[in-house]
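Student: The lines below spell out each chain.
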Amino acid sequence: MTTTKSRSLPLTKRGLNFEMMMWLFTRLSALAMYGLILVAIVGALIMGARTQMNMADVLRWSFMTSSTHVQSTDITDLAPWASPFWRVTGSLLLLLAVAHGVHGCVVIADDYIVSHRGRNIVRLLSIVFMLSMMGIGLYILWTS
Amino acid sequence: MSLKRNVSLATGLRYNGQGPMLTYVLHRIGGLGMAIFVTIHILASFLGGESGVFINTIYENWLFQIFIFFCALFHAINGLRITILDLFPKLLEHSREAIWIEWAVFIPIYGIAVLVIISTAFGG
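These protein sequence lines are chains U and E, in that order.
The first sequence begins at 1 in the numbering used here and counts up one residue at a time.
The second sequence begins at 1 in the numbering used here and counts up one residue at a time.
So that you can see chain U by itself, here it is in the shape it has in the complex (with noise of 0.2 Å):
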């Protein structure tokens, strides 16, 4: 097996443009997600989750920090779970999520749609659903 050296060029003589930009996005937005999704769980244990919810449970509240997750569960008290500090946790994991979920989908038909125009397509239909996603979803956690 002959081993190749990593080539990498400098940030400086890459240049910077949109698509770096997203490329860049997609590796933070997932760092980002892991450490929201830890601070649930975390927060989830501090609140008496250790001995009123099962593993189940704790990982559907982590992925998503809405008080409706918490609802079939045996916690009894929901008001801390409905803080604006989960709504807050929540929401960014949401706009983070759909945000890369959405980017990863352009790049996925980019490789099936190939014409000018059609990528335009996927554009301005990706970007009109992210914003309802977002929207709707926001809406939920904020009302819930």
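Estimated spans, in silico, between C-beta atoms of each pair:
1) T120(E) - M20(U): 37 to 47 Å
2) H94(E) - H116(U): 35 to 45 Å
3) W142(U) - Y59(E): 17 to 27 Å
4) T12(U) - F54(E): 50 to 60 Å
Hint data in this document are derived by calculation from the structure and do not stem from the laboratory.
Only a predicted model underlies this, so the values are computations on that prediction, with no experimental measurement involved.
Each residue gets a CB set at the ideal place from its N, CA and C atoms; glycine is no exception.
Position chain E relative to chain U; hints supplied.
Tutor: What follows is chain E alone, placed relative to chain U:
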């Protein structure tokens, strides 16, 4: 601007990309699976009512849980590998070994999760 690749589907399927190709395909399947799931889930909780309850019964099916947990866990662990290798490009020299580590992390966690899902579904 229009790209032409001149590669037929049959040639594409015969391409032998080995480990990295497999993770690339599974990453896409996992990402698409989660994107579709999250979209339906947000719409269902927005609509509520009977359609929301009907969609909930799909989520609670153990087969669906095994599928969506594969999507989420593989996408998360493979994404972490990609992020680490991309943010520290020197590590790219060990990309094959990184994939072996990834499977060593993924298989035990996913195996335990599948056992728990199945025992919950059939053990009562």
